[in-house]
Structures are given as C-alpha cells and as structure tokens.
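Asks: Work out the full structure: start from the sequences and follow the hints.
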Amino acid sequence: MEQTQLVRFVLNGTKRELTVVRSWTLLHVLREVYHLTGTKYGCGTNDCGSCKVLIDGKATNSCSFPMHKLEGKHVLTIEGVRDNPKYRLVPEAFVRCHAVQCGFCTPGMVIAALGLLLENPHPTEHDVAEALSGNLCRCTGYVNILKAVLDAAGRMEEYTHGQ
Amino acid sequence: MDSDVPVILTSIGDSPSNKESLSKALGSAQYVDDLPFHDLAYAALLLSPHARARVVNIDAREALQMEGVLAVVHCFNTPARRYNSAIRFYSDDSPCDMPKTERIFDTEVRFVGDRVAAVAALTEEIARKAAQLISVEYEVLAPVITLEEAVAKNAPLATDFGVDGTNICGGAVAYGNDTEESVLRQVRTQEIVHESHFHAARVHHGYIEPVTHVAAYDDEGVLTVWTPSQSVFSFRDVLSYVFDLPQSQVHVVKTIPGGAFGGKLEVMHEPVVAALAMQLHRPVKLRLNRKETFAASRSRHEALLTISSGFRVNGILVSQHVKSLLNTGAYAGSGPNTVGAQSGKTFVQYRAESLFYHGCPIYTNSPIAGAMRGYGCPQIMVAREVHMDQVAHRLGLDPVELRMANLLEPHEKNVLGKDMHVFLAKECLVKGTEMFGWEQKRRAAEADRSGSRRIGVGMACAVHGSGWYGVYQDMTVVTMLMNNDGSVQVLAGIHDLGTGARTILMQITAQALGLPLQMVALHDADTRCSPVDLGAQASRSTYIGGSCVLKAAKDIRRQLHEVAAVLLEVPQEELSLLSGCVVHQDSGRSIPFGRLVDAAQKGVGGSQRQIATVQSFASEMAVYSSSAVFVQVCVDTDNGEVEVRQVLSVHHSGTPINPALCEAQVHGGIHMGLGYALSEQMETDPNSGALKNPSFRSYRMFRSNRMPRIEVYFIKTPEESGPYGAKGLGEIATDGVAPAVVNAVSHALGNLMIDRIPLTPKTVLRMIGKIT
Ligand code: FES
Ligand code: FES
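Protein sequences appear in the order of chains A and B. Here the first sequence is numbered in the numbering used here, starting from 1 and rising by one per residue. Here the second sequence is numbered in the numbering used here, starting from 1 and rising by one per residue.
None of these hints come from the bench; they were simulated from the model. Any given hint could be a false lead.
Claimed, not checked - DSS-like mimics (lysine-lysine), calculated; alpha carbons at most 30 Å apart, straight line:
no. : chain 1 : residue 1 : chain 2 : residue 2
1   : A       : Lys15     : A       : Lys69
2   : B       : Lys441    : A       : Lys147
3   : B       : Lys716    : A       : Lys147
4   : B       : Lys291    : A       : Lys58
5   : A       : Lys69     : B       : Lys129
6   : A       : Lys69     : B       : Lys716
7   : B       : Lys602    : B       : Lys551
8   : B       : Lys431    : A       : Lys147
9   : B       : Lys418    : B       : Lys551
10  : B       : Lys426    : B       : Lys323
Unchecked claim - Chain A regions said to be covered by chain B (calculated; three or more residues, Cβ under 8 Å):
no. : segment
11  : 72-85
12  : 143-152
Said to hold, decoys possible - Counterexamples of contact, computed for chain B against chain A with all Cβ distances above 10 Å:
no. : residue
13  : Leu26
14  : Gln30
15  : His194
16  : Arg290
17  : Ala565
18  : Gln608
19  : Ala612
20  : Glu663
21  : His667
22  : Leu765
23  : Thr772
We put the CB at the ideal spot given by N, CA and C, even for glycine.
Replies: Structure representation (structure tokens):
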C-alpha cells in the first residue's frame with residue numbers, strides 16, 4: 001500500500017483536511033477529489049501552465065505540486081477567482097479583450113496574470129509577457145492576452161481605489 | 001451580397017465577444033475531461049515500441065489479474081474492419097482515393113506509438129500500470145522511417161498499402177493545363193530557369209487539451225461518444241462502419257475543443273474507447289498524456305518540394321512545375337486529400353502560360369500525418385514564396401515588384417480557366433508595402449551589414465480557398481425555429497472550435513432577422529439533433545455555414561411576412577423587419593414576431609404551423625482569400641538565433657463579420673507560422689523511429705516573451721457570393737507567415753539560399769558555415 005498522510009490546507013477560503021497518497025499531485029486532488037475542473041491538465045510535466053493555481057498568492061503549476069507539501073497553505077483556483085469581485089475583473093478583461101478562443105489555456109492564464117498583478121499592480125507589457133511565459137496558448141498568439149492583463153491591471157486599480 | 005437587409009441594428013461588423021468565453025475564462029465551461037459520468041472507467045493504451053513489427057501473440061492474463069482492471073482489448077478480440085479515419089461522407093467518393101488502412105488494433109504495428117492494446121480499469125493509474133503488464137510477442141520487421149528512404153529507387157516498403165509495390169499512398173495527383181512533359185519543356189526553354197528544393201519538417205498542432213475521448217454504451221444499444229471532434233458526422237459514420245451499427249444507434253457529441261487546428265478532424269482513439277464501453281456497458285474515458293498525444297495523434301505532413309520555373313528577364317512567369325512529396329506516416333488518413341488540396345494552390349495565385357502539379361503522399365513508419373490548419377498549403381506556400389524571392393534576387397527585382405507583375409487580378413481567369421472572383425491579392429500587397437514602410441525598412445537593413453546581428457526584411461503572399469467546392473459536395477444544413485416570444489433557435493451542423501464560428505453565425509442570423517444578438521441561440525454539431533455538415537475544415541464555417549443560416553433566415557423572414565400581410569391586410573412587398581417586428585412602412589403599423597408566431601400557430605394565413613425551416617446550402621464556386629505578410633527579423637550570426645521583431649499581416653477575406661474575432665484568428669495563425677518557420681519540428685530518430693521531443697519543453701512553440709510586435713489589417717471589400725460579403729480566414733491566417741520569415745532571414749544573411757524549415761539556431765549556423 002502506498003503511504004498516506006493527512007494534509008490540512010485552505011481551498012478557496014474553506015478549511016480542508018484530506019488523507020492523501022504520496023504520489024498525488026494537487027491537480028489530481030482538485031479535479032478528482034473536489035471536482036474543481038476549471039484547473040486543466042495540459043501536459044502534467046510543468047511545461048504549459050494550464051494547471052496553474054495560486055498557492056499562498058503565488059502562481060504555481062498544480063500538476064507538479066505534491067499534495068503532501070500543501071500543509072498549511074492557501075490555494076486559490078479559478079473557481080475561487082470567480083467568486084471574488086476584485087479578482088473576477090481579470091477573467092472579465094479576457095472576455096472584453098477577445099483573449100479567449102478555445103479557452104483551454106485561459107484559467108491558467110488568468111491565474112498567472114492574477115499572480116503577477118497581486119505582486120506588481122502596474123506591470124509593463126514586458127513584465128506581463130515574462131510573467132506569462134510559463135503558460136502556453138496555441139490560439140491567440142498571446143496578443144489579446146497581454147492586452148487583457150494590462151486592461152485588468154487598470155480596472156483592479158480603479159476597484160481598489162473605489163473601495 | 002444580400003441587397004434587402006433590414007435598415008437598423010447592424011450586428012455585421014460589430015465585435016461581440018466569442019460565445020462561451022466567459023464560462024471558459026471562469027473555468028465553468030466543460031471540456032470532455034471535465035464532464036461528470038456515473039461509474040466511469042479509465043482507459044490506457046499500450047503503444048508500440050517498434051517502428052514496424054508483426055504482433056504474434058498477446059498475453060493479457062497478468063494485466064487482467066491486477067485488482068481494479070476491467071478489460072483488455074487488442075487485435076485478437078476486437079472487430080477487424082479497416083477504415084479510413086479521415087473520410088468526410090459515408091460513401092467517400094473524393095476524386096482522390098481514400099484508402100482504408102486503419103483498424104482498431106492491427107496484427108501489424110507500423111510506427112512507434114501505434115496502438116497495440118488498451119486496458120480499462122477503475123482508475124487511470126491502475127489502467128496505466130496494467131497496460132505495462134500486457135506481454136506482447138512481436139516479430140520485428142525492418143522499418144522505412146524517413147521520407148528520403150521511402151522515395152529512394154527500389155525503396156523497401158514501409159507498409160503493404162502502397163500502390164504498385166511503392167510507398168505511394170492512394171496514387172499520384174498530377175495535372176495542369178498541359179501535359180507534364182510540355183510544361184517541363186516550356187520551363188526549360190525560358191530566359192531564366194530557376195529550380196529550388198525545399199524541406200518542411202513535420203510539426204504538431206500543439207493544442208493544449210490532450211487527446212481525450214469518452215464512450216458509453218447503453219442498454220438500448222446506443223453508442224455515445226463525447227469527443228472534441230471537428231466533424232461529428234464523419235466520426236459517426238466511421239464508428240457505425242467499424243462496429244456494424246446503424247448510424248441511428250451511434251451518437252457523437254462534439255465537446256468544446258481545447259484547440260483543434262485540424263488535429264481533431266480525423267478519428268483517433270474513439271474506436272478504442274467505444275470497444276471498451278461496448279464490452280463493459282459502462283462509460284470509459286481515455287486521456288492521453290502529452291507524450292502520447294505527440295506520438296499517437298496527427299501531425300502536419302513533412303514535405304519535400306521541388307519547384308522549377310521559367311521566367312522572362314522582365315520577371316514575367318511563363319511556366320512552372322511543382323513536385324511535392326508529403327510524408328503521410330504509417331496510415332493513409334487524409335494523405336491523398338492533403339495532396340489534392342495542395343495541388344489546387346498551384347493554379348490560383350500567379351498567372352502563367354502553363355502550370356503543372358505532381359504530388360504524392362508517401363507511407364513511412366512514422367507518426368500519422370493528417371489535417372492541420374492550411375492542409376498542404378503552408379508547405380507549398382513556403383516553398384514557392386521562397387523560390388519567388390530567389391528569382392527576384394537573380395533578376396535584380398524587388399520581391400514585391402516580382403509578385404505585382406504576376407499575381408492574378410480579381411475576376412481574371414486563372415490558367416485552368418476558372419474565375420478568381422473577388423481575389424484581392426495585389427491590393428493586400430500594395431496596402432502592406434505602404435503600411436510596413438517596406439522600401440525604407442529594406443534599405444535601412446541593407447545599409448548596415450557590419451555587426452554580428454543582422455536585420456532582415458521579408459515578405460510573402462498567400463492564397464486559400466473557402467470550402468471544399470470542386471472536390472466534395474460542400475454542403476451544410478440549418479434548422480431555424482421561431483420561439484413564441486419572437487426569439488430564434490438555430491440548429492447548425494457547423495463546429496465551433498473556439499474560433500467564434502457560432503458567434504459569427506449568430507450575428508448573421510441577427511442581422512438577417514433584425515434581432516438583437518441575445519434573441520438568437522445557435523447550437524452546433526451533435527449527430528443526434530443538428531443537421532448534417534462536413535466539419536470545421538477548409539476555412540468553410542463562415543462562408544458555407546454563414547450562407548446557410550442566411551438562407552434559412554430569409555425563409556423565416558418570408559414566413560413572417562406572409563402572416564403579417566394577412567393580419568395587416570397589405571401586400572408582402574410593403575413589409576420589412578425592424579427590431580423584432582414586421583413593419584408596414586407606409587402606415588407605420590407593426591407586429592412583433594412573437595404575435596406572428598402565435599398567429600401562425602392558430603392557423604392565420606394557412607394551416608396551424610410553427611414558423612420554422614430546414615435549409616440546405618451547397619457551395620457553387622471556389623472563392624479565394626489572400627494575404628500579404630511582412631516580417632522584420634534580427635539574426636544573430638554568433639549563435640544562430642533569429643529574433644522576430646515585427647509582423648504585419650494584411651488580409652482580404654471579404655467583409656469581416658466580427659473584426660475582433662477575425663484579428664484574433666490571424667494572431668493565432670501568426671503564432672503557428674512563426675513556430676513552423678523557426679522552432680517547431682517533431683524530431684524522429686532515424687534508426688528507431690521514436691520521437692525525440694514529445695514534450696512541451698522540447699517541442700518548442702513560441703512563448704509570450706518571444707512574440708514580436710504584431711499588426712493585422714483587413715481589406716473589407718465584400719466577396720460577392722459570401723454571406724454579407726464574407727469568406728474564409730482560419731487557414732490563410734497561417735499560410736503566408738513562414739515564407740515571410742524565411743525570406744527575411746535570407747535577406748538578413750545577404751540573400752542566402754534557404755532550403756528548409758525550421759530555422760533553428762543550429763540550422764542557421766550550419767547554413768552560414770559556422771558549424772558543420
Ligand atoms: S499541466 Fe501543469 S504545467 Fe502543463
Ligand atoms: S485560447 Fe486556446 S490555447 Fe489559449
């Protein structure tokens with residue numbers, strides 16, 4: 001039998017306790033245990049970014065994050081973005097800027113963008129291109145995605161000041 | 001053009017966001033891997049480690065004994081019917097033969113990655129482990145791995161499918177406006193004779209969603225398959241043929257594709273999940289990992305092209321011969337069709353006295369090639385546009401000038417005697433030359449050739465059709481139904497791949513009926529409830545699908561007028577549509593659609609009926625979209641790296657229905673073309689036949705920090721036959737990009753002759769003699 005372990009963490013604001021098998025990745029748990037299917041499996045090898053989530057505010061590939069290392073951490077998935085009025089400005093900017101085509105990369109892109117904006121609210125286009133370079137998109141040539149992230153930066157700023 | 005359009009509220013030319021984009025961005029849109037199923041079993045494949053071998057025996061006992069394993073299928077316990085995974089219609093009668101070469105599992109494996117067996121188990125992990133426990137006895141055969149080997153004189157055979165004891169798949173495609181001999185003779189007798197060879201590597205679609213399918217088989221005997229298909233009706237037809245089921249008992253659901261680009265146009269492992277589901281009577285899901293997705297899916301045909309042309313010294317093309325060999329891999333698939341589609345491009349770009357195309361798909365023991373955005377066109381465009389630049393250089397002409405002298409004009413008859421309709425290639429070129437500052441940029445680049453970093457400026461023209469007209473019966477069907485409140489329900493056979501095809505067809509419907517967009521719902525392909533369609537391919541969704549919804553909307557309009565004329569007691573000719581009402585202009589009286597629907601249901605103006613229609617649309621002509629692509633690069637002659645600094649792509653695809661979505665298509669096409677030119681290739685080990693780079697780390701698609709500045713411009717002149725003036729765009733978005741990049745690199749390196757892509761740093765260093 002594979003070794004198991006109890007892990008406590010916070011998922012989209014809710015405290016969770018889960019007995020996990022050592023080989024489980026965070027992506028596996030999100031999709032198969034919690035049915036949070038907004039986080040996508042694109043490669044499983046840490047190369048495409050479609051599985052990105054925020055772990056303690058940092059955009060991280062969940063396909064390569066072992067579950068047993070999640071103890072005490074806060075995870076935010078795309079489903080959590082959806083329920084947060086400020087964070088939601090990011091996916092909405094993607095829609096407005098026509099940055100969504102097949103959409104398979106989009107949740108991961110949104111997370112990577114959010115990770116950047118939380119750390120650097122006023123990124124340049126160059127900053128955005130660097131921050132998203134771990135996320136592959138085959139549909140958009142990234143053009144509208146970069147626009148969307150800059151647009152979201154502006155709107156998040158306005159939102160913060162409006163509070 | 002539709003002359004009688006409602007006056008207000010034009011949604012043509014507006015850019016509403018792609019349908020489903022919010023649910024996609026919020027993660028709530030469900031792709032096939034996200035769909036919930038009760039009692040789901042998971043499948044895993046055992047893929048061949050050999051490039052060619054006979055399967056002598058399979059012993060699955062150990063795998064079956066593993067806890068959680070439910071079934072093992074292989075060539076000794078599944079139906080053996082051979083099919084062609086790329087058929088379009090049940091009775092595929094394309095002029096190109098479409099050989100049936102594939103089986104669910106065969107007693108011979110023909111490439112590294114070919115299917116040997118599959119396991120279904122309670123979890124994916126168990127299925128994968130069990131697959132490795134299947135013991136297979138192989139008799140290893142000598143493979144033919146490379147295209148060069150396969151076309152050599154007296155080449156050994158890669159498969160037993162070739163015609164007349166060769167590796168040619170389905171036969172050669174050879175035609176022109178004269179005999180091959182005469183065309184070659186005419187080429188040789190011109191003032192300037194130029195011949196060039198070009199090799200374009202095999203590349204992958206690189207969709208981010210890995211290959212995934214689910215199948216279920218219910219107690220009524222219905223087989224349902226969920227898959228991100230680009231052509232559900234052909235999938236249904238293949239499955240019904242393989243399993244000998246009536247088509248009425250096979251249901252194929254197109255799930256939201258996570259990228260397709262032609263890669264999901266052909267049946268892949270759907271028959272495997274279907275076989276497992278039918279055996280187990282429970283749903284089965286197969287999700288390949290990325291490595292398997294590279295090895296066991298489809299790819300773009302590797303190509304070897306030879307182009308020979310005869311020019312006059314003034315740069316006028318007199319005669320051209322194109323020879324093309326496309327590596328179709330181990331199975332026929334769409335090889336013959338791809339050659340056929342490529343052949344057509346020979347005749348529809350430049351004027352000449354004589355042109356001839358001779359191409360063959362070639363079998364090798366390597367991964368299967370198939371449809372990929374452009375479908376044979378990117379290969380011929382890169383070879384020919386690079387050839388054109390070489391000729392321009394020999395003649396001392398500007399590359400733009402040479403093309404201006406030879407591009408076909410609108411409504412000119414091409415060498416095969418066909419009208420080019422609204423073909424604005426020259427207009428694209430003129431516009432691009434001016435927008436890009438072509439001459440200044442060229443001169444500036446040439447002025448400084450001192451340092452190790454060299455600037456190059458290049459361009460290319462491209463052409464693409466809109467639909468399969470001339471090859472297949474290119475038709476589609478739309479059902480349109482009015483709801484009781486005057487909103488409209490459209491069931492269309494088209495397949496939206498994320499391009500925005502649904503949104504565009506909804507805009508056309510809204511425009512034709514004078515309705516706001518929210519009053520239109522459009523459902524795309526599903527074999528159970530949508531009418532038939534040929535699939536998302538050949539840049540046909542807007543041109544063919546759009547024409548069909550327009551035709552249906554006009555019929556709905558006629559029916560609404562009929563009822564309104566009775567109620568208002570006026571002649572139908574005096575009526576028009578405005579904001580969801582039928583209006584009588586003279587009296588100013590109007591009736592909302594909802595009331596007309598109600599009246600029809602009560603029998604006003606005829607029997608009690610629904611306002612509804614089913615319309616078929618068949619394309620009756622070939623129309624061509626065009627592009628001119630301009631590129632600036634910087635080549636580092638120390639390390640061979642090519643940095644693309646700027647791309648301008650000027651297009652004519654008729655009138656863009658949704659300009660923002662059109663632009664977005666071109667952005668993606670440029671991305672794909674850049675990788676094709678510079679960084680992407682599926683590297684196959686020439687001895688073992690195994691893929692050397694089956695991961696997103698080693699298969700290099702452009703990342704966000706490597707993208708150049710991109711500009712897109714549309715010439716909006718309507719195509720006369722198109723719905724609201726539109727024609728195809730999806731493929732031409734990528735066709736002209738690679739040649740423009742290659743020409744720019746050549747320019748940077750002093751008009752160096754380039755004969756291959758991708759131009760990786762190593763290739764560049766080799767070309768300039770820095771390494772051997
Ligand atoms: S799925 Fe995690 S990086 Fe690709
Ligand atoms: S939108 Fe398709 S991969 Fe990014």
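Asks: Run every hint past the structure and note whether it holds.
Replies: Each hint tested on the structure:
1. A:Lys15 to A:Lys69: Since the Cα atoms of A:Lys15 and A:Lys69 sit roughly 16 Å apart, the hinted pair holds (cutoff 30 Å).
2. B:Lys441 to A:Lys147: holds (27 Å)
3. B:Lys716 to A:Lys147: holds (24 Å)
4. B:Lys291 to A:Lys58: At roughly 28 Å apart (the allowed maximum being 30 Å), A:Lys58 and B:Lys291 satisfy the hint.
5. A:Lys69 to B:Lys129: holds (25 Å)
6. A:Lys69 to B:Lys716: violated (56 Å)
7. B:Lys602 to B:Lys551: Distance of about 26 Å is within 30 Å: holds.
8. B:Lys431 to A:Lys147: holds (26 Å)
9. B:Lys418 to B:Lys551: holds (26 Å)
10. B:Lys426 to B:Lys323: OK: B:Lys426 and B:Lys323 at ~26 Å, within 30 Å.
11. 72-85: holds (count 5)
12. 143-152: holds (count 4)
13. Leu26: Per Cβ check, B:Leu26 is inside 10 Å of chain A; nearest 5 Å; violated.
14. Gln30: Non-interface label fails for B:Gln30: nearest chain A Cβ at 7 Å, not farther than 10 Å.
15. His194: holds (34 Å)
16. Arg290: With a cut-off of 10 Å, B:Arg290 comes too close to chain A, as the shortest Cβ separation is near 4 Å.
17. Ala565: Check passes; 42 Å lies beyond 10 Å.
18. Gln608: B:Gln608 is indeed farther than 10 Å from all Cβ atoms of chain A, at 43 Å.
19. Ala612: holds (32 Å)
20. Glu663: With a cut-off of 10 Å, B:Glu663 comes too close to chain A, as the shortest Cβ separation is near 8 Å.
21. His667: violated (4 Å)
22. Leu765: Holds: least Cβ distance 25 Å, greater than 10 Å.
23. Thr772: holds (32 Å)
Consistency note: the structure conflicts with the earlier hints numbered 6, 13, 14, 16, 20 and 21.
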